[in-house]
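Chains as they are written, first to last, in the numbering used here: chain A, 1 to 216; chain B, 1001 to 1417.
Please keep in mind that the hints were generated in silico from the structure rather than gathered at the bench.
Virtual Cβ for every residue (Gly too), placed ideally from N, Cα, C.
A hint or two may mislead.
Pulled a few chain A residues facing chain B out of the computed Cβ check, cut under 7 angstroms [as the list claims (entries may be wrong)]: (1) Lys15; (2) Asp51; (3) Ile213.
Covered stretches of chain A, going by a simulated chain B footprint (3 or more residues, C-beta under 8 angstroms) [what the hints assert, rightly or not]: (4) 20 to 33; (5) 128 to 140; (6) 170 to 184; (7) 189 to 199.
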Amino acid sequence: MEQKILQHLSDYLVKEDNQDIFTCTVESKNIIHVMSTLKYNKDLLFKQLTDICAVDYMQYGQAEWTTTDATSTGYSRGVKSQSHGRIKFSNDIEDERMTNRFCIVYHLLSISNNFRIRIKTHIKSDIPSIPSITSIWDAADWYEREAYDLFGISFDGHPDLRRILTDYGFIGHPFRKDFPLIGNTQVRYDPESKKIIYEPVDIEPRVLVPKVIREK
Amino acid sequence: MKEYQNFTMNFGPQHPAAHGVLRLILQMEGEVIKNADPHIGLLHRATEKLAESKPYNQTIGYMDRLDYVSMMCNEHAYVLAIEKALEIDIPLRAKYIRVLFDEITRILNHLLWLGAHALDIGAMSVFLYAFREREDLMDCYEAVSGTRMHATYYRPGGVIRDLPSQMPKYEKSSLKDNNEIKNSNYNREGSLLDFIDSFIERFPECVDEYENLLTDNRIWKQRTVGIGVVEPDRAVELGFTGPMLRGSGVNWDLRKMNPYEVYDDLKFDIPIGTKGDCYDRYLVRIEEMRQSIKLIKQCVNWLRENSGPVMIDDAKYAPPDREKMKSEMESLIHHFKIFSEGYCIPKSEVYASVEAPKGEFGVFLISDGANKPYRLKIRAPGFPHLASLNEMSKGHMLSDVVAIIGTQDIVFGEIDR
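Based on the sequences and whatever the hints tell you, model everything.
What follows is the structure, encoded as C-alpha cells:
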C-alpha cells in the first residue's frame, strides 16, 4: 500500500520515518491535488477523513524547568510559565519558530484497503492560511472551522468559515500557545446594571507541575 | 392577506430533546426543515489545552468527562496512545479486564441512548427500564474504581487494581429494612465476576423486553423507518463511524479491522443495517448489546481461570506497592516521582483509536519529550455525526429532527470537548 501511494504521488510526498502509521509531509500548495488523488485514485480510495488537527509549534521542545545545575545551586521553587502565562498576542516575535509555526495534520482512512495515512502540512507564512479541502470531503467543514476557531488558521475556499466552539463574540484563538490557559476575560452577573458583564481575569496564572524534558 | 414564507426557528440550548446543550437554528418552510445550523460549543472546556498543562496521568480523569456516558472507552483510547508512544505492552489479564469494561461501557451507553431516544419520540417506559439495568453496571464501575461514573480506572500500563473478590453490598439504613436489603443483595454475595455473571444471565431478557416495547411498535416504526436515511458511500464520506456507519450497511468495526487488546481472540459478530435509516441504527445498537453480552461472557470465563498482574512491572510508569512504599526508599522515590513530575514520553506522534460505543474515538498525541503532551487532539465520533445533521434532516418535518438527534447518539461532552 505504501508503495502504491508513493508511486502515484512521489513528486509531492516526503515520507517521514519512525512513525506509528504511514506519514508524509506535503507542501500546502499541493494539498488539493494530493488529497483528491488519495481519495479518488482506484488503488488508494481514502474515502474517509478521520480527523484534522492543527498544531502550534511555537514552544516545541522548550522546558520550564531544567535541573542540570541543581546539585550546586538547588532547585528554584517558583517556576515561571513558558507556555500559558499572561502574554498578549505577539506578532512581533520574529524568528524561525514563528514563521514556521503552524502545522495541519490530516488523518485519512481507506476502508476498502484497511489502511491509514497521516498527511502533514507546514504553513510557511506570517498569516496562516491553507487551501480548504471541503470540496473533497464534506466532513472537513467542521474540522476546518474548529482549526480556524482555535488556532486562527484560515482555510481558503471554505464556504462558511465561522467560529464553532468558542462563545459568540469571542476574541483570540485559544489553542495557540501564547493564549493563557486561564483565558483573558471572566464573566459575572452584575447586580447593579442587571446584566452579565465581561471583565479581565483577576486570578494569577500559575504552573502546577513544570514541564520537564528528560532523555531516557 | 400577508404571505409567510421561510421563517427561522431557534431550538435549544435548553430543550429536553437537545441531549444537553445543542442549539439549532432551523430554517423552516411550514413544518418542513429547509436548513439546520447546529451551534455547538456551549460545553467547551478546552480539554485538549488543559491536557497540555498537566502530566500525562492527570488527564485520564478528563477523558471520562468527554463522552460522559461511555467513560472507560475514552480512557482506553488515551492510555492506548500513551502505551503506543512509550512502546510498552501490558499484562494479558489487564487486556481482558479492559475488554470486559469496554463492553460493559458499550451496554451502559446503548442503554442510555435507547432510553433517551425512545423518550424523545414518545415512549416513556423504556427509559425507566433502561436506567434500572444501568444501575447494576454502574455498580460494576463502583466496585473496581470507587466511583459510579468517572472511573479513572485504566492507566498507562494496565488498570489500577485487580477486580475485587467481594462485591460491595447494600447496608442497613433507615430507608430499607432487613428483608429489602436481603433482596437487593441477592446477587452480591460473591465476587464482582459472579455479579456480572448474574447480570448477563438476566440481561438478554431485558433486551427482549425493550424489543417487545419498540421493535414492532407501530408508532415507533412510524417515527423511525425511512427517517434520516444515509447511503453507505455518503456515510463514509461524512466521516461516520460506529453504529451510524454500520446502520448504513458498511461493515467496519475497529474491533475486527484493527483489533486492539484481545478482541481478535474473542468471538463476536458485527451487525450491519440495510437501509441506513433511524430504525436500522436502532436494530444495530440493540444487536450490539447482545454481542457485548457474548464478549463479556468470554472475558468473565477467562478472568475466572487465569490470574496474574494487571499492571506492568515498571516503576517508571506504575505506582509502587503501598506496603513497599512505606518500607523501601527506592519505592518511595518512584512514588514521589510518578505523582509529582510524572514520566516523560520520547519525541513522537501517535494516533490510537478504539471502537467506542458511538464510533471511532481517537487520540492523536504529539510529544516533545516532556512529561506533558505537547498537543493532544481528540477525535470524537459525535463531531462528524452532528456536522451532518443539516444533510440528514433537510426535507424532514420538525419532529423528525428530534428522531435524528436521538439516532445520532449525541453527547456534548465529546463534541464540544
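Counting residues of the segment 128 to 140 of chain A that have a beta-carbon nearer than 8 angstroms to any beta-carbon of chain B, does the count reach 3? holds (count 3)
Would the hint on A/Ile213 stand, with a C-beta cut-off of 7 angstroms toward chain B? 5 angstroms, holds
Within 8 angstroms of chain B (C-beta), three or more residues of the segment 20 to 33 of chain A: holds (count 3)
Per the coverage rule (Cβ-Cβ under 8 angstroms, at least three residues), is the segment 170 to 184 of chain A covered by chain B? Three-residue rule met by the segment 170 to 184 of chain A, so holds; n is 3.
A/Asp51 was flagged as interface toward chain B. Is the shortest Cβ-Cβ separation under 7 angstroms? 4 angstroms, holds
Under 7 angstroms, Cβ to Cβ, is where A/Lys15 needs to be relative to chain B, so tell me if that hint holds or is violated. This interface hint is violated because 14 angstroms lies over the 7 angstroms limit.
Quick one: see if chain B covers the segment 189 to 199 of chain A, three-plus residues with Cβ-Cβ under 8 angstroms. With 0 residues closer than 8 angstroms to chain B, the segment 189 to 199 of chain A misses the three-residue bar; violated.
This entry does not satisfy hints 1 and 7, going by the numbered hints stated previously.
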